[in-house]
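J.: Fit chains B and C to the known structure of chain A by using the hints.
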Amino acid sequence: MDIGVLLVYGILGLTVIVSAVGLIVSRNALYSALFLVVNFVAVGLLYLALGAPFIAFAQVTVYAGSIMVLFIFVIMLLGAENLMLDEPLRGQRALGILLVVIFLAEIVLYYLLRTTPLQAIPAIPQTFASPAEIGMLLFNRYLLPFEVTAFILLAATVGAILLSKHEGPTRPKPGIQKPETPVEG
Amino acid sequence: MFEDYLPLLVILALAVLIGFIVVLLGVLFGPRRPTPRKMAPYESGMVPYGPGRRRMSVRYYLIAVLFILFDIEVVFVVSWAVVLRKLGTLGLLGMLVFLVVLEVAHLYAWKKGALEWD
Amino acid sequence: MNLSDFILTLPIITLLVWALLLLVVDLWVPKGRKGIVAALAALGLAVTMGVTLSQSGGSGLAFQNMIIVDGFAVYLNVLYLVSGLVVVALSHDYLKRMNLERGEFYPLMFFSIAGMMLVTQAYNLIMVFLALEFLSIPLYVLAGLARERPESEESSLKYFLLGTFSSAFVLYGIALIFGATATTSLALIIERVGQGALNLPLFIAGAALMLVGFAFKLAAVPFHEWAPDVYQGAPTPVSSFMAVAVKAAGVAVLLRVFLTAFPSLAAEMAPLGWGIAALTMLIGNLLAIAQTNLKRLLAYSSISHGGYLLMAFVAYGNPQVAGQAVAAMLFYLLAYTLTTFGAWAVVISVEQNDYQGLELDDYAGLGLKYPWLGVAMLVFMLSLTGIPLTMGFWGKLFLFRATVDAGYVELALIGLLSSLISAYYYLRVVVMMFMRSGEPRIRRDGWLSLVAVGSALAVVGLSLLPNQILQMAAQAILSLQ
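Residue numbers (the working numbering), protein chains in the order written: chain A, 1 to 185; chain B, 186 to 303; chain C, 304 to 784.
Calculated directly from the structure, the hints in this document are not laboratory data. One thing to keep in mind: the hints can contain errors.
To be verified - Under the rule of at most 30 Å between Cα atoms (straight-line distance), these lysine-lysine pairs were calculated in the DSS-like manner:
id, chain 1, residue 1, chain 2, residue 2
1, C, Lys461, C, Lys399
2, C, Lys461, B, Lys297
3, B, Lys296, C, Lys334
4, C, Lys672, B, Lys296
5, C, Lys334, C, Lys399
6, C, Lys672, C, Lys399
7, B, Lys297, C, Lys672
8, C, Lys334, A, Lys165
9, A, Lys165, C, Lys461
10, C, Lys399, B, Lys297
11, B, Lys296, A, Lys165
12, A, Lys165, B, Lys297
13, A, Lys165, C, Lys672
It should be emphasised that the depicted structure is a prediction, and the values quoted were computed from it without experimental measurement.
Excised from the complex, chain A in its bound form:
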């Protein structure tokens, strides 16, 4: 393998792992959110490296962009920047570590004990996940799922408004918008 390619994957992979660990161990929810942004961008770059620019583009605009904005809104909405240090469920952490060890052991054992050799994945054409290619698939084979997506988005919009918007007479609008009176958390 080309040393440059190896370097790119190495750096990106390391960034993904370090940011994921940082996300978990950070005691401030806002820092966690920022680690997640780094994670999303690095994963997006990995998609790009794998020849899937459309997915990379969606990853950066939707995940690193708008979904992170929502995350940060919610953190600030709840005033929940500082996370609790104690475990809400006792023994949760020990159990989690145990499960991770079992999972890793499983993977290693499978790798060592497998009877059929791992096959290399056949190379795919570089354009297979280009926006044009996805557009063609989306409007031919996957037309029905595509339209269903629109309805899911509609249902989600109606739901979000129904659950968070207060119905009733709208208050008379003041001439000048007053600054939001903050509730100290």
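T.: For chains B and C alone, kept in the frame of chain A given last:
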């Protein structure tokens, strides 16, 4: 692998570089006469009050959710726009159905006052 | 894409277009006159049912093998639409008196039903996932409709968190299956399995993850903990919708995916299904004994009935009995739908405007003071237990018979045992209604009484011709593959 995106990298590097240079120029050549007023946090010219961390209004939540929904719509529109001519009428109709459904969402949000800051 | 695609998907298109129009019309219907929206919703469901019934007997694939139309789908689609009609009847007065009257209720329910229809007809794993989301998202909202009540919020949040969690399982399973076979189309998966062109460990792991995800949706033990809290906190008509239609859709998608794409994995999956079914029946019924709140009691009851329905899944790999088991399952679902909606209608009648009247003690003397309602509830409790002269009896009989024929005698015995356990808590309700004195208060509403008395009559009346109905169900599954 990344060769096609070299221009993007150049733009990214230029953006960082220009930002850096502008700040650097200010530090190098600008006069620096600090007063306590000048050193205070900048809040659009208002007198700063209260701690920096405060809870935001729940109304931002709805705006953020609507933003996500229409952001996803944009992602789909991009994939359609790049093959607009190849898809022909069928693609146009498919996109129209998609847009009409989301336009109902827009209409609903509008009528329910979700777009207003009441 | 051509005309036949549209003809085959016409029921779903009708329902969705109607939902869109309903949503827009509702914006201009003033508050307090939402009865108009309810009536339009009922009309839409009836029209869709007509279109669906016109498909019976036919079958085919549509939209590049994304969805399939067959007897199984038509039967279940009619069941979902009937559930929708019943929920409109149950909720119109309830929403008004609880001050929850929102026109969006009906379009959201339409979306959920369309999701159920899509998931039943899905012939591609992408479609399975999207349809599952489509049926769940409106329900997360409907569960939290009474948002001033913390219980309703809790219900919505719990359902949302566990629902997305289970969707993640399904999605991960789909990803592994795609990794193993390089396709998401059910038809192509069978082809690849036939050619042996797949990665078997990945394939098994993927199927197992999907089983876990579906078991969550079905509230099967050990993935059931959310159900009682969700059903208790949600507005009661929404709980009844979840107990009946969502459960039916969960079983439907499980059978559709596993019967079509994974018959080769029956040896691996049947023991898992066996364990889940046995645990679900036993634990659902045992925990129901401890309940005094009727909504929680019915929640545990619906968990245990999910276990009975899963018996049909255990036999799925045996081609000689798979058809018989699915037919028995479809029969059982009909019996379960009629009985459960009737029982929930009685619960809604007794529920007070301040959300009181849900305890077992509130039913004391109900049968003496309101004999119609009492007798109807008696029929439902007997049918849920599985006592002769009710649909519930025949449903259990056919399911147990199919299970024994498939060679799972122990499972049938566990089913019998758990039915005996369930008799204790079902009959306790009956004893409370007829042998204790009390001053029960009920809400009088014509539609509620119609649902209660109508389903009681159906549960008894249809039990007189069980073989004809089983025949109909057997016809329905003939074209499953």
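J.: State for each hint whether it applies.
T.: Now the hints, each set against the structure:
1. Pair hint Lys461(C) plus Lys399(C) holds up; C-alpha atoms about 25 Å apart against a cutoff of 30 Å.
2. Proposed proximity of Lys461(C) and Lys297(B) is supported: the alpha carbons are some 27 Å apart, at most 30 Å.
3. Distance check on the hinted pair: Lys296(B) and Lys334(C) sit about 14 Å apart at the alpha-carbon level, within 30 Å; holds.
4. With a CA separation close to 48 Å, the supplied pair Lys672(C) and Lys296(B) exceeds the 30 Å bound.
5. Taken as a hint, the Lys334(C) and Lys399(C) pair is honoured in the structure, with Cα atoms around 11 Å apart against an allowance of 30 Å.
6. Distance check on the hinted pair: Lys672(C) and Lys399(C) sit about 26 Å apart at the alpha-carbon level, within 30 Å; holds.
7. A hinted pair counts as satisfied when its Cα atoms are at most 30 Å apart, and Lys297(B) with Lys672(C) does not qualify at roughly 45 Å.
8. Taking the CA atoms of Lys334(C) and Lys165(A), the gap is near 16 Å; set against the 30 Å cutoff, the hint holds.
9. This hinted pair checks out: Lys165(A) and Lys461(C) have alpha carbons roughly 21 Å apart, not beyond 30 Å.
10. About 20 Å separates the Cα atoms of Lys399(C) and Lys297(B), which keeps this hinted pair within 30 Å; it holds.
11. Between the alpha carbons of Lys296(B) and Lys165(A) the distance comes to roughly 12 Å, so the proposed pair stays at or under 30 Å and holds.
12. Annotation: proposed proximity of Lys165(A) to Lys297(B) holds, straight-line Cα distance about 8 Å (limit 30 Å).
13. Restraint check for Lys165(A) and Lys672(C): the C-alpha separation of about 43 Å exceeds 30 Å, so the hint is violated.
Hints 4, 7 and 13, counting from the list given before, are not met by this structure.
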